[in-house]
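Engineer: Below, each chain spelled out in residue letters.
There are 2 protein chains.
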Amino acid sequence: MDEAAPPSKKAAKKAEAKARKEALKAQRADARQAPSSAVELDDPAKGFYGQAPTTPIVFSSSAEDISLRNFSNGNVEGKTIILRAWLQTSRTQSAKMAFVELREEGNWTIQGVATATSEPPSRSHPSRPMVRWIAGINPESFVVVESEVQRPIEPVKRCRVSNFELRITRCYLLAPAPAILGMTLAAANRPVVDFDDEAIGAKAGVKEEEETDKKGPPAASMLVHLDNIAMHKRAPVQQAIAEFEPPSLIGAASEGGSNVFRMPYFAQEAFLAQSPQFYKQFEIAGGRKRVFSIAPVFRAENSNTPRHMTEFTGLDLEMEIRNDYSEVLYLLEGVLLYIFRQVYRIFKDEIELVRSVYPSSEILLPEPGQEVRLTFTQAQQLLREEGPAEFRHVRDDEDMSTPQEKALGALVRQKFNTDFYVVDKFPETARPFYAKLDDTAAEGSAEGAVKVTNAFDMFLRGQEILSGGQRINHPDELEVRIRAKGIDPASPGIDGYVQVFRQVGVPPHGGGGIGLDRIVAWYLGLPSVHLAAYYPRTPRRLLP
Amino acid sequence: MDEAAPPSKKAAKKAEAKARKEALKAQRADARQAPSSAVELDDPAKGFYGQAPTTPIVFSSSAEDISLRNFSNGNVEGKTIILRAWLQTSRTQSAKMAFVELREEGNWTIQGVATATSEPPSRSHPSRPMVRWIAGINPESFVVVESEVQRPIEPVKRCRVSNFELRITRCYLLAPAPAILGMTLAAANRPVVDFDDEAIGAKAGVKEEEETDKKGPPAASMLVHLDNIAMHKRAPVQQAIAEFEPPSLIGAASEGGSNVFRMPYFAQEAFLAQSPQFYKQFEIAGGRKRVFSIAPVFRAENSNTPRHMTEFTGLDLEMEIRNDYSEVLYLLEGVLLYIFRQVYRIFKDEIELVRSVYPSSEILLPEPGQEVRLTFTQAQQLLREEGPAEFRHVRDDEDMSTPQEKALGALVRQKFNTDFYVVDKFPETARPFYAKLDDTAAEGSAEGAVKVTNAFDMFLRGQEILSGGQRINHPDELEVRIRAKGIDPASPGIDGYVQVFRQVGVPPHGGGGIGLDRIVAWYLGLPSVHLAAYYPRTPRRLLP
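Residue numbers (UniProt numbering), protein chains in the order written: chain D, 1 to 544; chain C, 1 to 544.
Treat the hints with care, as some may be off.
Chain copies aren't distinguished; within one or between two, either way the pair holds.
Dumping the calculated DSS-like pairs for lysine-lysine here, alpha-carbon to alpha-carbon at most 27 Å [unchecked claim]:
(1) K96 <-> K79
(2) K289 <-> K348
(3) K157 <-> K348
(4) K451 <-> K406
(5) K96 <-> K289
(6) K79 <-> K289
(7) K406 <-> K96
(8) K289 <-> K485
Calculated from the structure, these hints are not laboratory results. Here the structure is a predicted model, which is why all the values come from computation and not from measurement.
Please model the complete structure; the sequences and the hints are all you need to start from.
Structural biologist: Right, here's the structure in full:
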């Protein structure tokens, strides 16, 4: 190519656009296929590998969870470990042997080996079909493996953990990647070749580097990086550069379009973020195990009450789920209880000063191990049976009103002696489309029973302070729920969201969001959230 | 009043609006008068009190700066200290004796006593005119006092520091408050009585509490609190509730109106903040000694370059100045150098990983004590004398261009062996209206000489990473500079800003702002700031 005249910029753009369209088509078609060869039914190693079951996976009782970054601390050799990781490459050495590279966060990688024996398969002996299956997993799929840590014959230089390797004995596919990625990890980790952000219309595809660097993998333009946002973020170089910051300006109304501020933005229209929800999920798709953010969020709601503001500070967290969504619930509950206990210890003087002006009772917190967690159904039952008369007929499939919440807070305080508690398993009618349905309940429940979600709220003095839960992590399941909510999956804002789940495999995850101003106000028992904000914004007030 | 029928809501609002207008008028008239009786010219204590001179104040050589919150650590009795504080009350006991209450941050208060003797005035003996002058200082003025710490006859229960008092020997007024405050501190520290935020139009005034609570000082509505934002923030209860968070939505284009995003906002128009500049200054007016913030800022600039984004994260700091603006310069310079040194120590692996993809040289930092600080004039002279030919005629009264900055960076590296340096004393033509002019230079300089400011930029590898300086803290001076920049002081956004300086006395202060994404990008030598942002926003790009 060096001799040929370089193609004109316009022609190059056109060619890139075409390449993208084709890549996108291929990717879409591929996503509908099984991502790798199916488990062979008569394989004696059946059960030790395959698509992850919906029920919890059973590992060896001796297996430990150890992160790769902790391999240098202590003796791991000979241990049986469980690793949840991105499979970034796989290759077969022979019909009996496959090598994979597994990656946790950043560039924490290790080599895995699966070796079939002719002995009967057991915990320590994969079968040939299992080896073949592992070698066929699409790169960037998310897997969980059980393996024994051993010393390689010689250091594995390609991997950051070079002095150990994993002898794989079980391997399950938690989230498959498509066969063709919009951008490979190798490309994502190369220098961006072009920062021109002129809009082209197409949405995916890899641009071959025009410079003649024949040795490396192709590099991509910034446009391609951003169109393949999850792969962009998975690149170790990108994870080394930046921390998560959700944007305020967004290109489409994200969650349905109501109560969103819109504004002219050069040749297009911009919207103000109503929450960092989609973006923190993109971080999980982008290979982070846990992220948090502190950022303003905006609600164009014409509510002139002491509980509402049009701009407030959102504290958000999102995390990978290892086994069960209750990991998210326990973590958030623990964080809040820790904060409530510490804040009084550290800021006693300030809190007492506030109480001298705005009297409030001390907050009752549960003893460790005595945390109160009600299901939504239990909470409604409590209200029906012991609450005020007007709540005698509250339903299990309808969200709680603010007066209901306050009445529940009084009942919980009286019965359980705590001002802080969790209400779990909200009905799907009360949650957005991305809330994961509770599979266990659905299977065993009667016809017409209320569908509930793995979603919860946390309350303080009868007021909601945190909303969280597990999110759907499979694109088809997501589309079903989006349609069930009467939203078109192809509508602006929604399409790009679902597309991220098709671009790559996304592990199970969940999280929660806190309104900082509200949690401060309710903790201190203030009469208005406007006192907790430093410059409260209401439908009528933008100054100072 | 208890017997009379309560006035209708509408009538009450009208009356309140009228009261506010009158209060505002009185306040404005008053601000133009001397805030307290003038120093008597034949007073032998002359020089120990009065309006602060523009030259540095000379204190006793033994005097120490000790904050009230540090009074409990160590033996302060008998020490001579310097305290910069808000004078919150003053009263005369007799012609020979005045009591004041002095407040630092929050509710850190102490009693001060000034006692005149008939002996010749000296360091330890105020005169009667001095006592009278101190007693006449308007509440909420900002003063600096030199005093001896002594034990009071009995504990001063009204003050948080109750077991000590200050025997005042010198007292200077740094920033006078008006005789009539829009809201007193006592009112600001009472519970807000009304959260109705219906706009009224008028901008100041105190509303008498309608409830019959005859014992306390009058309480005020949230509207009055927000219209008197500095007093609202000075209230200890408010400082105990919240930390500084600048808003993104603002009611007027702040700094001139260009490059600002605007949007429909219910019945009015809203703008997106271009910087937290005014708000961090309001915090200093509101009685904080130092504030910082991390918040998005927005620029509606149609610049499609690797250096520009329409949304980025601003790191901002603002602080009270004790003696000289170089305190701000040294602090910011020290913070940056500390970060640069630590970040390489802590994140060496990540930085080397980034360098393996985006090669960059190691950053040269100055040895402690060898920091490079050029004046703008020196920098331009260097460019003229030793820079590329095209910069042979750069002027001292014109801002540097990006190519000039880069050429300067190369020259400084070559001459001083550092990639980090400060350029100070920018010409007033290159700075916004709120930049404080360098008084010392103006006095001694020739007719027609370039007016310079106490403002600086900090550079890394020839690119600006921080902009900072001293701000004007007197409203009249501010108005002069606003007019000199061709802006109407009564224009939206500007009027409210100047008004805050009229509402209360604001101490000398300064600060700086950093673009987080740029500092990361230039530190790592990245080809575009878009790589440092997690979701870069450009005029053409809002997705994902």
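Engineer: Take the hints in turn and mark each one as holding or not.
Structural biologist: Hint by hint, here is what the structure shows:
no.: 1; hint: K96 <-> K79; in the structure: within (23 Å within a copy, 84 Å between copies)
no.: 2; hint: K289 <-> K348; in the structure: between (35 Å within a copy, 21 Å between copies)
no.: 3; hint: K157 <-> K348; in the structure: between (54 Å within a copy, 19 Å between copies)
no.: 4; hint: K451 <-> K406; in the structure: within (25 Å within a copy, 63 Å between copies)
no.: 5; hint: K96 <-> K289; in the structure: neither (33 Å within a copy, 70 Å between copies)
no.: 6; hint: K79 <-> K289; in the structure: within (23 Å within a copy, 55 Å between copies)
no.: 7; hint: K406 <-> K96; in the structure: neither (64 Å within a copy, 59 Å between copies)
no.: 8; hint: K289 <-> K485; in the structure: neither (29 Å within a copy, 51 Å between copies)
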